[in-house]
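Undergrad: So the protein lines, in turn, are chains C and U. Numbering of the first sequence is given in the working numbering, commencing with residue 1 and proceeding in unit increments. Numbering of the second sequence is given in the working numbering, commencing with residue 1 and proceeding in unit increments.
Treat the hints as calculated values from the structure; they're not laboratory data. This one's a predicted model, so the numbers in the text were calculated from it and none came from an experiment. Possibly wrong hints are sitting among the right ones.
In the EDC-like style, the derived pairs of lysine to aspartate or glutamate whose C-alpha atoms are separated by at most 16 Å in a straight line are [as the list claims (entries may be wrong)]:
{"hint": "1", "chain 1": "C", "residue 1": "Lys64", "chain 2": "U", "residue 2": "Glu54"}
{"hint": "2", "chain 1": "C", "residue 1": "Lys64", "chain 2": "U", "residue 2": "Glu40"}
{"hint": "3", "chain 1": "U", "residue 1": "Lys175", "chain 2": "U", "residue 2": "Glu105"}
{"hint": "4", "chain 1": "C", "residue 1": "Lys201", "chain 2": "U", "residue 2": "Asp42"}
{"hint": "5", "chain 1": "U", "residue 1": "Lys32", "chain 2": "C", "residue 2": "Glu101"}
{"hint": "6", "chain 1": "C", "residue 1": "Lys201", "chain 2": "U", "residue 2": "Glu106"}
{"hint": "7", "chain 1": "C", "residue 1": "Lys131", "chain 2": "C", "residue 2": "Glu96"}
{"hint": "8", "chain 1": "U", "residue 1": "Lys221", "chain 2": "U", "residue 2": "Asp205"}
{"hint": "9", "chain 1": "C", "residue 1": "Lys64", "chain 2": "U", "residue 2": "Glu106"}
{"hint": "10", "chain 1": "C", "residue 1": "Lys131", "chain 2": "C", "residue 2": "Glu31"}
{"hint": "11", "chain 1": "U", "residue 1": "Lys400", "chain 2": "U", "residue 2": "Asp456"}
{"hint": "12", "chain 1": "U", "residue 1": "Lys232", "chain 2": "U", "residue 2": "Glu188"}
{"hint": "13", "chain 1": "U", "residue 1": "Lys2", "chain 2": "C", "residue 2": "Asp69"}
{"hint": "14", "chain 1": "U", "residue 1": "Lys2", "chain 2": "C", "residue 2": "Asp180"}
{"hint": "15", "chain 1": "C", "residue 1": "Lys178", "chain 2": "U", "residue 2": "Glu7"}
{"hint": "16", "chain 1": "C", "residue 1": "Lys177", "chain 2": "U", "residue 2": "Asp11"}
{"hint": "17", "chain 1": "C", "residue 1": "Lys76", "chain 2": "C", "residue 2": "Glu103"}
{"hint": "18", "chain 1": "C", "residue 1": "Lys203", "chain 2": "U", "residue 2": "Glu188"}
{"hint": "19", "chain 1": "C", "residue 1": "Lys178", "chain 2": "U", "residue 2": "Glu300"}
{"hint": "20", "chain 1": "U", "residue 1": "Lys187", "chain 2": "U", "residue 2": "Asp231"}
{"hint": "21", "chain 1": "C", "residue 1": "Lys203", "chain 2": "C", "residue 2": "Asp69"}
{"hint": "22", "chain 1": "C", "residue 1": "Lys25", "chain 2": "C", "residue 2": "Glu211"}
{"hint": "23", "chain 1": "U", "residue 1": "Lys2", "chain 2": "C", "residue 2": "Glu96"}
{"hint": "24", "chain 1": "U", "residue 1": "Lys402", "chain 2": "U", "residue 2": "Asp448"}
{"hint": "25", "chain 1": "C", "residue 1": "Lys201", "chain 2": "U", "residue 2": "Glu188"}
{"hint": "26", "chain 1": "U", "residue 1": "Lys261", "chain 2": "U", "residue 2": "Asp471"}
{"hint": "27", "chain 1": "U", "residue 1": "Lys402", "chain 2": "U", "residue 2": "Glu391"}
{"hint": "28", "chain 1": "C", "residue 1": "Lys177", "chain 2": "U", "residue 2": "Glu106"}
{"hint": "29", "chain 1": "C", "residue 1": "Lys201", "chain 2": "U", "residue 2": "Glu246"}
{"hint": "30", "chain 1": "U", "residue 1": "Lys261", "chain 2": "U", "residue 2": "Glu300"}
{"hint": "31", "chain 1": "U", "residue 1": "Lys207", "chain 2": "U", "residue 2": "Glu106"}
{"hint": "32", "chain 1": "C", "residue 1": "Lys144", "chain 2": "C", "residue 2": "Glu19"}
{"hint": "33", "chain 1": "C", "residue 1": "Lys177", "chain 2": "U", "residue 2": "Glu82"}
{"hint": "34", "chain 1": "U", "residue 1": "Lys175", "chain 2": "U", "residue 2": "Glu276"}
{"hint": "35", "chain 1": "U", "residue 1": "Lys351", "chain 2": "U", "residue 2": "Glu276"}
Interface residues of chain U toward chain C, partial, derived using beta-carbon atoms under 7 Å [as the list claims (entries may be wrong)]:
{"hint": "36", "residue": "Ile5"}
{"hint": "37", "residue": "Ala6"}
{"hint": "38", "residue": "Tyr10"}
{"hint": "39", "residue": "Leu28"}
{"hint": "40", "residue": "Glu29"}
Using N, Cα and C, we set each Cβ at its ideal position, and we do this for glycine too.
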Amino acid sequence: MFKIFKRKNHPAFWKKHIETVRNCKGYNSFEDIRFVVLDTETTGFDYDNDRILCIGAVAIKNNKIQVSDSFEVYIKQDIFNKETVKIHGIRRDGTEVKVSEEEALIQFLEYLDDAIIVAHHTKFDITMMTKALRRIGGGTIRSKQLDTNFIHKKLAAGDRFKKMYSLDELCAIYNVKKHDRHTALGDALITAYLFLKLTYKYKKNNVLDIEGLIKTNYQLYS
Amino acid sequence: MKNTIAERIYDFIKDYPPFNLISKQTLLEIAKSVEIQYFEKDTIIFNQDDIPHEHFYIINQGSIRLYRFVNNEKQNLDICDEGDLFGLRPLIMNENYLMGASANEEVILYGIPISLFHDIIANYPKVSQFLLASFATNTRDPFSDKHKGKLFANVASVQKVENSFAEVQSAKYTKNPVMCTEEISIKEACQIMSTAKVNSIIVADNKIPMGIITDKDIRIKIGTGLFLIEDKVSAIMTSPVITFPEKITVAEAQIAILKHKVSHICITKDGTNTSELIGVLGDHDLNIIQGNNPIFLIREIKYAKDVETLRYIRVQASELTSGYLEQEIPIYFITKVISEINTAITKRIIKLSIAEMGEQPPVAYTWLAMGSQGRKEQLLITDQDNALVFENVPEEDYPKVKEYFLNLSTKVTEKLNTVGFEYCPANIMASNPKWCNSLKEWKKQFKDWVNHPTSDKILLSIIFFDFEYIDGDKDLYNQMSDSVFRYIKDKEIFLSFLSKATLNNPAPLGFFKQFLVEQDGEHKDQFDIKSRAIRPLVDAARIFSLHHNLKINNTIARYEKLMEVEPQNRDFFESCANAFKILLQFRTLQGLANNDGGKFVDINNLSKADRLKLKSCFKPIKNIQESLTTRFNVALIQ
Chain C
1 MFKIFKRKNH
11 PAFWKKHIET
21 VRNCKGYNSF
31 EDIRFVVLDT
41 ETTGFDYDND
51 RILCIGAVAI
61 KNNKIQVSDS
71 FEVYIKQDIF
81 NKETVKIHGI
91 RRDGTEVKVS
101 EEEALIQFLE
111 YLDDAIIVAH
121 HTKFDITMMT
131 KALRRIGGGT
141 IRSKQLDTNF
151 IHKKLAAGDR
161 FKKMYSLDEL
171 CAIYNVKKHD
181 RHTALGDALI
191 TAYLFLKLTY
201 KYKKNNVLDI
211 EGLIKTNYQL
221 YS
Chain U
1 MKNTIAERIY
11 DFIKDYPPFN
21 LISKQTLLEI
31 AKSVEIQYFE
41 KDTIIFNQDD
51 IPHEHFYIIN
61 QGSIRLYRFV
71 NNEKQNLDIC
81 DEGDLFGLRP
91 LIMNENYLMG
101 ASANEEVILY
111 GIPISLFHDI
121 IANYPKVSQF
131 LLASFATNTR
141 DPFSDKHKGK
151 LFANVASVQK
161 VENSFAEVQS
171 AKYTKNPVMC
181 TEEISIKEAC
191 QIMSTAKVNS
201 IIVADNKIPM
211 GIITDKDIRI
221 KIGTGLFLIE
231 DKVSAIMTSP
241 VITFPEKITV
251 AEAQIAILKH
261 KVSHICITKD
271 GTNTSELIGV
281 LGDHDLNIIQ
291 GNNPIFLIRE
301 IKYAKDVETL
311 RYIRVQASEL
321 TSGYLEQEIP
331 IYFITKVISE
341 INTAITKRII
351 KLSIAEMGEQ
361 PPVAYTWLAM
371 GSQGRKEQLL
381 ITDQDNALVF
391 ENVPEEDYPK
401 VKEYFLNLST
411 KVTEKLNTVG
421 FEYCPANIMA
431 SNPKWCNSLK
441 EWKKQFKDWV
451 NHPTSDKILL
461 SIIFFDFEYI
471 DGDKDLYNQM
481 SDSVFRYIKD
491 KEIFLSFLSK
501 ATLNNPAPLG
511 FFKQFLVEQD
521 GEHKDQFDIK
531 SRAIRPLVDA
541 ARIFSLHHNL
551 KINNTIARYE
561 KLMEVEPQNR
571 DFFESCANAF
581 KILLQFRTLQ
591 GLANNDGGKF
601 VDINNLSKAD
611 RLKLKSCFKP
621 IKNIQESLTT
631 RFNVALIQ
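Sequences and hints are given; from them, build the entire structure.
TA: In structure tokens:
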């Protein structure tokens, strides 16, 4: 137990991430919070054997999607699964500029800064990322996280315990046009639209309660 | 770094004006700086009088409503939908929002930082032109006097752009022109001209221009022996001279030379012929400016020996029209030039026809153009509309005289047809015995139309009241127009009938921005731009002009005069003139593109830019139709 907290051999990028999140000024005003909406493309759904191919993310601040504050990185593939190529369209030797897994993660954490993470089925993206971070001497991402799936369930009464809504289903419910489905940044943008619409509904007639929003995550790690 | 979102934003905005005018690289940079915003139905985006945001908006999905509070009453001004821009003007003019904007349905907006746009306005003349045009004909608040002339309060570059227009481009003229006094002999004057190597000399008294002698005068008046070289220059000079002030533009100079049929005009200090001479502008000065120029064409027309040559010249004039349109030279200028060319062709044809007749006309006559020819608004070659009036003759001479003019008119209309002016399907041509009449008959005709306005007579009077002098005896023309105004003055109710006929064409604005398209027939799903948009503006200008006794036929000139006559409605008439200019240009471009009269527009094939353009013209049409209803008591007529 003791050993875990005292570990000293954290690489610098990871120490910095921990520090950044710890020193985060808190959530006084929803308008001031920077949200980073992210999506990853992977070679598959196996946390241990599959790998991240691409990370796409875009920031939201004061209810506005900041295109200038977006992130997109492609990762060199050691593990290649030709079955999923037809979903994400990323070939082993495609034309995108690709970097190593380590470099991609360091760049991402730098970009993430002290933002709150938003994703659809956040657990999957974060777990994939944590596995990757462990490989390079990091650990579990410390940033606060939200999941559009659970925010929707909080808003929509009824079968919210059982059902898991797909991104496509929520797009249909909330009338979000789907461009670039299955590119990381494209899906991140779609998720960002969803998040804007969801928070609009969530704060109807009152100020958005960010702590309440965080509490929609009660099932995130269950 | 790759940015998929920015690429998608680029893909969206690149199709909409003014972004379609901007280079891909610049647009991608713009796209990277966009803020995307979402608003639920009825949420306010900004309030009237708010300080402007740092962004203006293009609608990505959904629609927004622009509104304005006047005396605490909310007025909806417009609905904007996908691809529309809003919130731009306050940013450019550094002032608060003139109107509020709220989401008409849920909406996704792209916020574009205005800071990026200042450079673009400066570097892309077409962008600023688009913005100017969309502000000028703006449906938002066409009556706002406050904003006249200062659309771009801090963008001086717009001035730069306008300078490329012939209409405002200053003409270069020869400064310090060669002068001589009235007292010297023609011989001495020729010596001065030869030494100075000039083809004209101004006869002046203490720098005040009295007359001008050109090479042509020497040839015609001296070479032929009419005058002696020892005579005084005053014997052969052309006097008075045509004068203009210093700031004459190329367009004005061209028109002046065409109109006064001179080869030179004088530039004086205050523009009158009683002030000091500072320069002279010859037609060749203008030739240098424009290779394919109307002056050259007019000269060719004058010397054309046969109809085939005229036909060829008319084809060149069409090319001139499309060239002008491409250069975005103002439509008013183009119509003036083309009308002068058409008039010159008609005059030449009449001359050739009289020569063919083998005998001169027995009495004075006037050849008149009707309808759009009469209004000088023809850009495309359309049908002929003409008529002839001849002097009153004793009854016994009448049959012979009428026969002569009918024969002459038949020859003229045939030749016009050969040149490319199709015969009028309604046979409104001077070759028709009904429209080749003596002055007495014409007066009777007009009186009958005014006094007994049945629907077919109203239709005829609409065509005939735009009659314009083309050739022949000007006095006959004046007598005709005097009598028309006299009849109308006695019978104001006639204007109510005219107004009612105009209102039978419903305003083109359906519910918000739905176009009214033709319901059936060959042109189903097409918009009749001539009947629904251009004609109401033309008709209204005529009615108001008749009402005010204005002897002007041209629609733009009519609106401009009306702005003077009714200063309280200045903005109103100006918005009509602007809309008319845009529609006319639009129709001409359509016609040139499809090689037809440009009457019908296929709405589905219109670009967003063109839809916006058309839409902006509909509000003035609606307004002037409402104004006709109240001003001329249309309600009283059943």
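Undergrad: Give a verdict on every hint.
TA: The hints, checked one at a time:
no. : hint                : in the structure
1   : C/Lys64 / U/Glu54   : holds, 13 Å
2   : C/Lys64 / U/Glu40   : holds, 14 Å
3   : U/Lys175 / U/Glu105 : violated, 64 Å
4   : C/Lys201 / U/Asp42  : holds, 13 Å
5   : U/Lys32 / C/Glu101  : violated, 26 Å
6   : C/Lys201 / U/Glu106 : holds, 12 Å
7   : C/Lys131 / C/Glu96  : violated, 24 Å
8   : U/Lys221 / U/Asp205 : violated, 23 Å
9   : C/Lys64 / U/Glu106  : holds, 15 Å
10  : C/Lys131 / C/Glu31  : violated, 32 Å
11  : U/Lys400 / U/Asp456 : violated, 30 Å
12  : U/Lys232 / U/Glu188 : holds, 9 Å
13  : U/Lys2 / C/Asp69    : holds, 12 Å
14  : U/Lys2 / C/Asp180   : holds, 14 Å
15  : C/Lys178 / U/Glu7   : holds, 15 Å
16  : C/Lys177 / U/Asp11  : holds, 15 Å
17  : C/Lys76 / C/Glu103  : holds, 10 Å
18  : C/Lys203 / U/Glu188 : violated, 95 Å
19  : C/Lys178 / U/Glu300 : violated, 63 Å
20  : U/Lys187 / U/Asp231 : holds, 8 Å
21  : C/Lys203 / C/Asp69  : violated, 25 Å
22  : C/Lys25 / C/Glu211  : holds, 14 Å
23  : U/Lys2 / C/Glu96    : holds, 9 Å
24  : U/Lys402 / U/Asp448 : violated, 22 Å
25  : C/Lys201 / U/Glu188 : violated, 94 Å
26  : U/Lys261 / U/Asp471 : holds, 14 Å
27  : U/Lys402 / U/Glu391 : holds, 10 Å
28  : C/Lys177 / U/Glu106 : holds, 13 Å
29  : C/Lys201 / U/Glu246 : violated, 66 Å
30  : U/Lys261 / U/Glu300 : holds, 14 Å
31  : U/Lys207 / U/Glu106 : violated, 72 Å
32  : C/Lys144 / C/Glu19  : holds, 14 Å
33  : C/Lys177 / U/Glu82  : holds, 14 Å
34  : U/Lys175 / U/Glu276 : holds, 12 Å
35  : U/Lys351 / U/Glu276 : violated, 40 Å
36  : Ile5                : holds, 5 Å
37  : Ala6                : holds, 6 Å
38  : Tyr10               : violated, 10 Å
39  : Leu28               : violated, 11 Å
40  : Glu29               : violated, 10 Å
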